[in-house]
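There are 2 protein chains.
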Amino acid sequence: MASEKMIQYGSKRSVIRELFEYGNQRAREVGRENVFDYSLGNPAVPAPAAVQKTAIELLSSDDLMAVHGYTSAQGDAATRQAVADHLNATYGTAFTADNFYMTCGAAASLTITLKALTESPEDEVLINAPFFPEYLLFVENGGAKPVVVPAHEPDFQVNFEALAERINVHTRAVIINSPNNPSGVVYSEETIEKLADLLRTKSKEIGHSIFLISDEPYREIVFDGVTVPYVTKYYDNTIVCYSYSKSLSLPGERIGWILVPDAVTESRTVYAAVCGAGRALGFVCAPSLFQKVIAKCAGETSDLSFYRTNRDLIYNGLKKIGYECAEPSGAFYLFIRSLEPDANAFSEHAKRYNLLLVPSDDFGCTGYVRAAYCVKTDMIERSMTAFRKLYDDYRS
Amino acid sequence: MASEKMIQYGSKRSVIRELFEYGNQRAREVGRENVFDYSLGNPAVPAPAAVQKTAIELLSSDDLMAVHGYTSAQGDAATRQAVADHLNATYGTAFTADNFYMTCGAAASLTITLKALTESPEDEVLINAPFFPEYLLFVENGGAKPVVVPAHEPDFQVNFEALAERINVHTRAVIINSPNNPSGVVYSEETIEKLADLLRTKSKEIGHSIFLISDEPYREIVFDGVTVPYVTKYYDNTIVCYSYSKSLSLPGERIGWILVPDAVTESRTVYAAVCGAGRALGFVCAPSLFQKVIAKCAGETSDLSFYRTNRDLIYNGLKKIGYECAEPSGAFYLFIRSLEPDANAFSEHAKRYNLLLVPSDDFGCTGYVRAAYCVKTDMIERSMTAFRKLYDDYRS
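The listed protein sequences derive, respectively, from chains A and B. For the first sequence, the numbering used here assigns the number 186 to the initial residue and increments by one for each residue that follows. For the second sequence, the numbering used here assigns the number 186 to the initial residue and increments by one for each residue that follows.
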């Protein structure tokens with residue numbers, strides 16, 4: 186009756202979602218306060234007051250038709266200019282409104298970009314592990330072939346050797362995500378420079394430019410004075426995919442953008458392809474109220490210091506017990522080394538203590554679990570005994 | 186550098202958009218009040234007060250994380266239940282929350298549905314002319330083949346003979362759109378019954394069910410006591426695509442839904458395919474604030490009587506002059522017979538009087554122009570002299 190592939194996509198729950206549902210069931214059995222649910226990567230602080238105020242002002246306007254009306258397909262011009270101004274002021278770039286295409290959030294930014302840049306089932310898109318599992322599906326569904334680049338352990342920077350080996354004449358793009366979901370690692374400037382060098386060399390070798398797709402929903406969530414290099418300054422053929430889900434705590438409002446800098450080869454043609462892909466996928470005109478909110482709040486963020494408090498608590502707590510973790514410099518994830526080779530078995534074992542940790546296999550690497558610490562701070566405190574017991578089961 | 190097809194989609198402006206831009210240019214030359222722009226189909230009345238009030242209340246909530254948080258992929262359960270309740274009360278149907286998938290608007294409803302129902306480049310989707318031009322692109326991009334069924338003139342009901350001829354073993358679905366853009370015609374109950382009979386017969390003949398995709402963004406905009414039959418009651422394998430763009434005047438907010446009734450063959454599997462397609466296209470979780478607005482305002486409409494006033498003015502005015510038009514029972518479009526065989530030449534000629542009318546060729550039929558009368562009422566009054574002059578050029 187329907188597409189087999191779509192039935193399959195729609196029938197299989199993700200491991201993350203399975204764990205989350207299990208957590209809800211356990212909460213009914215043993216009480217919410219006794220379940221330590223680290224499964225979901227959902228913002229844990231509210232949107233900034235400026236966002237709330239601006240949205241209410243817009244809705245109180247006499248001209249609701251302007252507030253709720255269609256913007257141009259690529260987004261409201263004032264919104265795109267505000268985004269450009271904010272980035273230019275923050276990163277010393279020189280973007281204009283014409284470099285941006287407003288989207289319905291991070292997933293849309295990626296599916297549109299992939300649809301714009303690939304066209305043949307032979308086209309390959311390289312994905313650096315560990316990665317957000319939906320990347321595989323987005324690339325496949327865009328009509329191209331996802332190629333996984335294994336993780337570089339234990340620092341989770343880029344695995345350059347493996348990446349270089351996988352680049353060939355079919356390579357169209359490489360996706361990076363820093364600060365990273367699920368590892369919490371931030372790519373260093375050295376990593377970005379080396380990546381840019383490699384992609385320049387390889388582009389010459391294969392006779393066409395390789396795009397670098399930088400997926401950056403966690404850009405603003407970094408700790409310890411770490412800076413996230415602005416990737417377009419290191420590599421010309423960079424397309425940035427952004428969403429306000431995390432920085433403004435608006436995950437449900439589906440608002441983000443795609444940036445196609447002038448430095449991209451045939452930039453205006455690539456931008457036209459982005460517009461065409463948005464149209465073909467049914468994405469023209471991102472939600473208008475929140476486009477207009479962004480026009481006034483492009484530089485705002487939620488209270489992101491909350492995540493640092495949580496990061497310190499869970500990271501220091503686990504280190505003290507004896508766990509090994511990837512360097513958690515950004516996003517709101519801790520990537521904990523599994524205490525047995527099979528992370529699925531480890532995650533299963535952790536459930537005995539009502540600790541819900543996502544095994545790393547679906548993120549494209551084995552032997553870790555992800556803890557999303559965008560949770561109430563006291564839950565972290567209360568979970569330490571459970572983490573201790575879990576550790577003791579393996580070490581005693 | 187990028188996908189040729191997407192570059193092409195993104196580079197060519199639609200005829201409608203071309204005319205609109207021409208209108209803006211003429212307004213600068215001769216004054217806005219002297220341009221009679223009937224090009225764009227944009228709501229001309231504001232959102233209802235209840236929508237505004239509900240949105241402000243939600244934004245004033247203490248729990249902004251709930252307001253702006255992710256809903257489940259298929260949409261907030263309370264929202265889907267409210268939509269079901271409203272339809273059941275209005276049309277005597279028996280839907281539940283589980284029959285609905287909330288979407289980012291009409292285009293998303295269609296691209297998701299088409300992706301869910303088709304899977305091979307040999308799959309065919311029949312489109313009844315005249316039609317919204319993006320249908321072609323949505324079907325093509327979903328990976329199937331659009332097949333146009335010529336218009337049934339002069340009443341613009343279904344061309345059953347042409348439709349029957351085009352159904353074969355590759356046929357997966359038929360798209361209808363009533364009240365219709367661009368003709369303003371509403372399919373009669375007789376038409377829907379005959380269509381249902383034909384699809385049942387043909388489904389048996391070809392050995393699989395043919396889906397009827399009913400695209401209904403104009404459902405509530407009808408005049409003269411005309412009723413729009415609720416299509417699911419006539420044909421089991423109906424999927425309804427809806428958007429609040431017109432009924433609530435929220436075109437920019439991208440909020441709508443897909444309805445997969447229980448009566449559909451293997452209904453839960455088809456629903457799973459819709460969920461899978463939403464995921465693959467990057468559409469999970471429709472904009473959350475407006476999902477929650479719909480939960481409280483599913484039965485509201487904007488002041489749609491405005492369109493009837495306009496319809497009466499333009500239709501009666503043009504009839505008096507001598508123009509022939511399709512029966513304008515719904516939506517906010519008048520389909521006027523061109524005064525020369527080539528509608529493009531006629532549209533071009535009309536520009537001499539600053540009358541902007543969209544030629545029908547891109548809607549899949551020749552010899553008409555579309556006037557979108559969702560405009561200020563006094564513009565219609567002022568445009569009558571221009572319509573008269575245009576008529577005289579051909580009749581004198």
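No lab work stands behind these hints, which were simulated from the structure alone. Incorrect hints may have been included.
Each pair may be met inside one copy or between any two copies, as identical chains are not told apart.
With a cut-off of at most 25 Å between alpha-carbon atoms, the simulated SDA-like pairs for lysine to any residue come out as follows [what the hints assert, rightly or not]: (1) K197 / A262; (2) K197 / A274; (3) K574 / R351; (4) K561 / T386; (5) K536 / G392; (6) K387 / E189.
Structure-inconsistent hints, enumerated in ascending order
2, 3, 4 and 5
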